[in-house]
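Those sequence lines, one after another, are chains A and B. First residue of the first sequence? That's 1 in the numbering used here, and the numbers climb one at a time after it. First residue of the second sequence? That's 1 in the numbering used here, and the numbers climb one at a time after it.
Some hints could be false.
As a list, the in silico SDA-like pairs of lysine to any residue whose alpha-carbon atoms are at most 25 Å apart [stated by the list, open to error]:
1. B:188 with A:157
2. A:157 with A:129
3. A:121 with B:86
4. A:5 with B:43
5. A:2 with B:21
What the hints contain is simulated information worked out from the structure, not anything from laboratory work.
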Amino acid sequence: MKTEKLFKIKVKVNSEFYERAVPARMTLLQFVRDECNLTGTKEGCGIGECGTCTVLLDGKAINACMMFAVEADGHKIETIEGEQRGEKLSDLQQAFVDNGAVQCGFCTPGMIMSARGLLKKKSKPTDKEIIEAISGNLCRCTGYLPIIEAIRAVARK
Amino acid sequence: MINEFEYCRPKSFNQAVSYLAEFKNARVLAGGTDLIVGLRAGLESPEAVVDIKGISETGSLKVNSKGIQIGPAVTLNQFIETRAVRKNYSALIAAAESIATFQLRNRATIVGNICNASPAADMAPALLVFNAEVEIAGPEGERKLPLSEFFKDVKKTALKKGELVKSIHVPAPHIGTKSGFLKQQRIKGHDLAVASVAAAFCLAKNAKNSGTLRIALGAVAITPLIIPEIPASKKEIDKAVKTAVSSARKIIAPIDDVRSSADYRAEIIKTLISRLIPEVLS
């Protein structure tokens, strides 16, 4: 059997560069989880519906399941692991804790990355913009209100 | 699991065309938000995937007095956030904003929405009312096609083997043109259109009230549809609605599916038309 062709890629994930040889069919989500061992980013639906795999690509929120790792060559990815500074939670992480925005926690990494993407673009978003930014992130526990409140709290700071 | 495929990243349209011609079954990759879903579901298993984002012109979005030129890697959010587009092309903006979720719009492209050729493609009706043209590159050189001749069947376009869309050109509307887009869906962000309608009203030269009305429909036939131009006046809104509804009835052929029954589609399209026309004629 023919061995699968591999493509050399170099991707900056959070503060580190990862150089790997990957098959073209590997998604960015598989790359982040299995090659970089950054398992904070979750797989929910795998078809771009649930948003729990949300990461930032050059500062913009995207679904990591809807992109191939080879497409990320030369780009910068940010994941939930890049939020924390040592022992200290990021402003968004702390606000999610403070506002009861985490229940089962499965949507949280994606939710925080969507919020981060929004705050990078606009530090004082309106409620409408907050809701739009997390429109692609499903949460089955909280009813969304504590999540919106948490993002609002950071925006108000 | 996605099957193995060859990955090609051409640097020019010519190179892209030769990859597309060379492989038996090659697919273009731009945003990937339709392609990857299809690959994961095993609905398709191409021999090669041709990623066109390495071609520098693909990301170009030009807006000037002649109109808009949209490259095949221009994302929905890139388009939505372009101020110059927001001013004169309301229907295009409304359609783009109605598609999928924020994250998906950071990847999904305008041209991809058209090339996927879903009967429910939201950009299609909006581009049709602006008389958009598709510029195609292929093994036999380049050609242009009105968008109205681009859709052939469900998920089938006029693109031949080896061809790909180089750009979509939207001619600048006449001054005073007013356009809009309405879509019926079950929930926002996670659903395709049950039915959609776009309309553009263009005043006749030196006229205050009369002009022509262009209306296009989505998700009510195997392809997006355009209704033949209707002469209309701001003073006779009811008449315009009546004419449009009766023209629509003649050409729609809705189906039953998970999102809606055919009967409901036939009914809701009338409602959407009657809501949108007063908006663009006001």
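Outcome of the hint check:
no., hint, result
1, B:188 with A:157, "30 Å, violated"
2, A:157 with A:129, "17 Å, holds"
3, A:121 with B:86, "19 Å, holds"
4, A:5 with B:43, "23 Å, holds"
5, A:2 with B:21, "24 Å, holds"
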